[in-house]
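J.: Each chain is listed here by its residues.
Protein chains: 2
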Amino acid sequence: MDAMLPLAHSAPEKATEDLEKLSISAFGNARSSITEHPLSADEVRKMTDYFHASMYMCLGMIYLRRNPLLREPLTLDHVKRRLLGHWGSDAGQSFTWIHMNRLIKKYDLDVLFVSGPGHGAPAVLSNSYLEGVYSEVYPEKSQDEEGLRRFFKYFSFPGGIGSHATPETPGSLHEGGELGYSISHAFGAVFDHPNLIALTMVGDGESETGPLATSWHSNKFLNPITDGAVLPVLHLNGYKINNPTVLARIDHKELENLFLGYGWTPYFVEGSDVPTMMQAMAATLETCVTKIREYQKEARDSGKPFRPRWPMIVLRTPKGWTGPRKIDDHFQEGFWRAHQVPIPEVLKDRSKLKELEKWMRSYEPEKHFDESGRLIPELQELAPTGTRRMSANPVANGGSIRRKLNLPDFRDYAVEVRTGGVTNSGSMANFAGFLRDVVKNNMDNFRVFGPDETESNKLSKIYEAGKKVWLGEYFDEDEDGGNLAYAGRVMEILSEHTCEGWLEGYVLSGRHGMLNSYEPFIHIIDSMVNQHCKWIEKALEVEWRHKVSSLNILLTSTVWRQDHNGFTHQDPGFLDVVANKSPEVVRIYLPPDANCLLSTMDHCLRSENYVNVIVADKQEHLQFLSMEQAIDHCSKGIGIWEWASNDKGEEPDIVMASCGDVSTHEALAATALLRTHLPELKIRFVNVVDLFKLIDEKEHPHGLAAHEYKAIFTDNVPCIFNFHSYPWLVHRLTYGRKGQQNLLVRGYKEKGNIDTPLELAIRNGTDRYSLAIDAIDNIPTLGNKGSSARETLRNEQIRAKNYAFHEGMDPKETEDWVWPF
Amino acid sequence: MDAMLPLAHSAPEKATEDLEKLSISAFGNARSSITEHPLSADEVRKMTDYFHASMYMCLGMIYLRRNPLLREPLTLDHVKRRLLGHWGSDAGQSFTWIHMNRLIKKYDLDVLFVSGPGHGAPAVLSNSYLEGVYSEVYPEKSQDEEGLRRFFKYFSFPGGIGSHATPETPGSLHEGGELGYSISHAFGAVFDHPNLIALTMVGDGESETGPLATSWHSNKFLNPITDGAVLPVLHLNGYKINNPTVLARIDHKELENLFLGYGWTPYFVEGSDVPTMMQAMAATLETCVTKIREYQKEARDSGKPFRPRWPMIVLRTPKGWTGPRKIDDHFQEGFWRAHQVPIPEVLKDRSKLKELEKWMRSYEPEKHFDESGRLIPELQELAPTGTRRMSANPVANGGSIRRKLNLPDFRDYAVEVRTGGVTNSGSMANFAGFLRDVVKNNMDNFRVFGPDETESNKLSKIYEAGKKVWLGEYFDEDEDGGNLAYAGRVMEILSEHTCEGWLEGYVLSGRHGMLNSYEPFIHIIDSMVNQHCKWIEKALEVEWRHKVSSLNILLTSTVWRQDHNGFTHQDPGFLDVVANKSPEVVRIYLPPDANCLLSTMDHCLRSENYVNVIVADKQEHLQFLSMEQAIDHCSKGIGIWEWASNDKGEEPDIVMASCGDVSTHEALAATALLRTHLPELKIRFVNVVDLFKLIDEKEHPHGLAAHEYKAIFTDNVPCIFNFHSYPWLVHRLTYGRKGQQNLLVRGYKEKGNIDTPLELAIRNGTDRYSLAIDAIDNIPTLGNKGSSARETLRNEQIRAKNYAFHEGMDPKETEDWVWPF
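The listed protein sequences derive, respectively, from chains V and D. Residues in the first sequence are numbered from 344 upward in steps of one, following this note's numbering. Residues in the second sequence are numbered from 344 upward in steps of one, following this note's numbering.
Don't take every hint at face value.
Same chains, same names: a pair is fine if it fits in one copy or spans any two.
Below are the BS3-like pairs computed for lysine-lysine, each with C-alpha atoms no more than 27 angstroms apart in a straight line [claimed, not checked]:
1) K596 - K647
2) K448 - K783
3) K596 - K563
4) K701 - K389
5) K979 - K1128
6) K1081 - K1053
7) K1092 - K1081
8) K1081 - K1128
9) K1041 - K1081
10) K701 - K640
11) K596 - K1128
12) K979 - K697
Simulated from the structure, these hints should not be mistaken for lab results.
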């Protein structure tokens, strides 16, 4: 294996010296790394007209509800009564879009546009309208004056069009409401799409976020043979809401070094003069596309993957470009004041309304739109056609090109269980065999993502089918179990944000995947998961969007086995975050053993448009259900385990319930203790796999009806419920249930330390002894027998505690425990 | 103002050419940017001995429970029965610590050590022990053989010492359980500590996280006159748990460019040969410290702040350095297998035990520890003394050096309220006046942090006292309301992670501060806040730790005013995350108006060791309480608003309750509607400021006793509770309360769109009409009167909806609403 990858090239060929001297606040004639002039005068004129038509539309969207083509003098009555929208980054984005149109036509490219800067949707929406897609998708926004009027009016209007590239936006798979994920989404979309180029606008504000800052390193995980390319355009717009951006205020050399350091080849296009900028951008973008094709050809012809220093563009244009430089005495273009509505005073000040009108007319709408209000044919010709239009790229409607997974029969991977609670096995390691074959059967369609934990999480069996993608340097040691490969199916970087972003991009562009992570650190991506839930929920309301695969999050290294790593590694609260999202899109499963895990994962991998969260420990565990029992149990999602119960269908004295594998293990041990010490007790044992079974059927499609819930938990029998996560999640899910107050829920309550598993459980009251004692304390009729059993149990607990304290590990008997009946 | 800051210098002076050619996997003799040999042979010998003593201890901590100095041949009985701990990054960290010791002594430096790499505590702990601090703090871990034995045994042992730099670790303010925050914590600690140097070990795994990747840009926010310096040592250890690190597998030039691009001057120290590495590190570290002092002197002597390209070190040593290169046929040193316990087989394999013994003896413990088991005096002398010891730096026990805030009297900022619910005012803009004076009174002791939202959040008045710190370039436009300054009190970067990290570092090192953020995006730092909560909770258990200031998070731009920004900007669920943390450390306040906000913030700024979350809208609102009433209400945290109630102390027909300002506004409007349309109804109006009042007193120190709760909510009267956040949080907090089932809670339920505020509320059932109708539906005795009022209200609601739909804004009457009684 090569010790060093060939270095493609490390600096732009024609670095203009001027660039280094460019005062970073001064705009004017373009200066750029590539100084050719590929456009004819006629091309410049047409592209400028198209650009102006788009800029005109951006203003129309912000201001107008009537008179969309300014065929009458502008009056207050034409203006929206509440002005909303963002002007700041529109010009730079639209400018880039239009330049890519030229190259798509010239080279028949397959390009996806990813809009990173916040609130830049007018650029995307206006181009979608100009190339006809918006009207095809939303016929009432027709390509005529009335259609244009509606398009303007309903932008940022109740029930209307959002100011981000929301799911309603044709051609979008990246909303950008929360900033920071444009690059990782783009990479996700191009993995295994070898001909796709993701033209990705990256905001300079967005660039300050952590997730974006690390996502530039995604280029070490992209294979030039099997994957497409990401072409980032860092939009040095200069300002955020009220502040300059960091990257726009460091010197030129620093900025160039930064991106060379990230492994890219930055090409600069800087200025504000539209005609010269047209030439500069045309030349530079074409160079970048050509470079991309060359690298791909080199790798594909030779069959030897390498890591090119892929091209990227730094586009420095003033914020609010093409707008007025000053309004009254205040800077506007090239300052943060251009961020949102540029002249909000139009509603109150007639002279400002005049100013707006003049500005809008400067884009010459009457020249670009014909009598009917449609873009003139000469300009229409500038856009590509059909699915080559970026706003119609099917990749952005990933469900439409999705192929189903070819899944092996999960039952073939079953763990043999003849009697529940007797044999030990590693559920996760066993599942890894199934997962390996899922990988093997879907080598261009399914990937596994994780922040350097796949092996630690006992899933390394999947490397037999697909190794870890690695385009960094290789060392000799890597042969000794490194499991790295240029082409692989496992994606690992120590950034939960990047992993999640890649997976989201991969799924939204029509493929399948799974993220595995330590449970405590999944909170790092709370907000990303929230946003993804919102995306797929809204997408359900959009008729033309096809369903995508579910986003599967497998959590392991769970709280109850994070004893030795201590308090910082203990947090099962991700479930609370997920449970807040819409019931239409979230599902939470806690399979208690290996066969239930297989059945659950098979179900999740087949499902559509959900976020599935699956919690399962990676250590060895007692196994409870045979495959047949597991399928039955998981398809119900909740059930009474008859084999562990002795209530024989009568009303029990106590219900022992559990949700989560370690929790089930302890609850069942508690049940065994109770049945041993108090054999006359009638105990019902209940297990929950599908957490939303607990909630009322009116609140969640999986919820149990009242009579179903009663048939399991009764209305009046006390229930000791051992829960994997924070106990109050069960309280809130069962709110309103009759008999809710009979639930005594035990779970994690922020009581941790350096511990053994047993110690940690005792500290939180979730160990077998505490649970059994809870049960005794909640059955008032037990009397002396209860007190005596209670004392026995307490002594056993103390003995176990002492052992752990002296030896630094749990006593053997707690580890070798088996179900005795 | 200077348009360009002077560039300090952009490349190391003596870049050794060899460096670029260094095969990045090959180790051996040191190669470094600085090639001087400042150490005498004797110094090298002593420092190597000290280093070996520390390495010996790291192994002792992982393996031994008896025979700590190997005075007997090692047997299985001496070894812990459960082997836990991490060896991988210990050597590099300890090596760096020891080198800094030399310079602290030579230059009398004030240095804080921040340990970024995961599980690197043995390096920190062993050094703390060697320099005597550990025994001073924990006398039972005395500086003798028995103390050493205990020290070893209790590492990663139940109830013992953690493998991160936990709160129990002297000299630590950064635990590093979750990775990514070492640099931002370090910057937080040195702000306003002009003489402090934070020597910050950054793991190369950690470096892949988003938060770390962006935090390098903190150097644009550090003032060389008023702040200290951060000296990062990027520890290119090469591996994470099971993967190589990205930064260790890119070529040398890329790595150098990356850090030049981040604005640092990287100095390289690379190799594994201890004697030559000793010289290289001594020379390089000294150069860095000298550079730091030069830059500081230049700025301080001239009074002109500038942005130096601060020095940093890239330290490339093999993972598990000084351990065996191979064990059996598998790579160990310089590979990921050295991450955790290097030879776990010692428990089962006698030959492996021999191998371990040989390795441990190679560090020659008998040479470094005297008869009693104490480090020999010759080596003791290498460490600094007193508080100059990094493990005794008082900054790491920030509470011990904390000065109280000098707070103005918040009552002086009161909004005049003669009658509740009549006058409008902006609570946040009003609070900004108080905050400005807090800044003014505490110019070296208090900072405000935020991700580019301080102005948007209506807090810009604070710029009158302290502007936004900015060490990037300045443009002419900045004079036009840019509010930037070299020295300021407001810290803004578009990275919630960096803001939170800075604030945590600032507070933990003994100062005070506040973060302001949009509510929806605070989820980005869920995990950081979780970790901070865990830190301060554990710190409470550590006797020698003094209390620090609370970490205050002010959330605004809240869900109910994120109508126009749409669904992605709507998420009030941070409260659920916080409510999961220990009741000892979390507090949640939702002040309903301006005077309550003042009273709440005053309380929060005075408080200690909490995470306070305060939720308040930034728009204009009706004001309800006079300052006197507000103080009374906030000190109770919950109360009946007599002026809005007409139950006159009798049992009401309905309780109308609210928590949150917009929610209160609507609940009160609903109450007015009910009283207007159904004047015979007896209504009690309740408001909650302190959310934890709802929980039982046994669960949280702020919780109400049962009789107190009953006195407000009754046991049996229906209550319509309008809540700011997701409704089920109220259900879980009131779990177990008598009468809990009478609560009908309305709140946000993931129903959003592009809306007006009224529309958004109607969609979620939290508007005045829906609430009033809910009340009617829950009073069975109303009969026909109820039906008729219900119909009237429904018609009013439809009229308002239609207006919003047609005009794109809410009808005036809903905005101009006043309390009519």
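J.: How would you classify K596 and K647 at a CA-CA limit of 27 angstroms: within, between, both, or neither?
T.: This pair counts as between: shortest inter-copy Cα distance 23 angstroms, intra-copy 33 angstroms.
J.: Classify it for me, K701 with K389: is the Cα-Cα distance of at most 27 angstroms met within a copy, between copies, both or neither?
T.: Close inside one copy (22 angstroms), not across copies (79 angstroms); limit 27 angstroms.
J.: From the Cα coordinates, with 27 angstroms as the cut-off, is the pair K1092 and K1081 best called within, between, both, or neither?
T.: both (25 angstroms within a copy, 23 angstroms between copies)
J.: How would you label the pair K1081, K1053 (within, between, both, or neither) given a Cα cut-off of 27 angstroms?
T.: Answer is both: 8 angstroms inside a copy and 21 angstroms across each meet the 27 angstroms cutoff.
J.: Cα distance capped at 27 angstroms. Does K701 pair with K640 within a copy, between copies, both, or neither?
T.: neither (50 angstroms within a copy, 55 angstroms between copies)
J.: Regarding K448 and K783, is the shortest C-alpha distance of 27 angstroms or less found within a copy, between copies, in both, or in neither?
T.: Answer is neither: 37 angstroms inside a copy and 60 angstroms across each miss the 27 angstroms cutoff.
J.: Between copies, within a copy, both or neither: which fits K596 and K1128 at Cα up to 27 angstroms?
T.: neither (81 angstroms within a copy, 76 angstroms between copies)
J.: First find the shortest C-alpha distance between K1081 and K1128 inside one copy, then the shortest across copies, and answer within, between, both or neither for a cut-off of 27 angstroms.
T.: For K1081 and K1128, the Cα distance exceeds 27 angstroms both inside one copy (30 angstroms) and across copies (31 angstroms).
J.: Cα distance capped at 27 angstroms. Does K979 pair with K1128 within a copy, between copies, both, or neither?
T.: neither (37 angstroms within a copy, 46 angstroms between copies)
J.: Are the CA atoms of K979 and K697 at most 27 angstroms apart within a copy, between copies, both, or neither?
T.: neither (67 angstroms within a copy, 55 angstroms between copies)
J.: For K596 vs K563, is the C-alpha pair at or below 27 angstroms within one copy, between two copies, both, or neither?
T.: Classified as both; 23 angstroms inside a copy, 16 angstroms across copies.
J.: At most 27 angstroms between C-alpha atoms: does K1041 with K1081 qualify within a copy, between copies, both, or neither?
T.: both (15 angstroms within a copy, 24 angstroms between copies)
Figure legend: structure checked against the earlier numbered hints; hints not met, in rising order: 2, 5, 8, 10, 11, 12.
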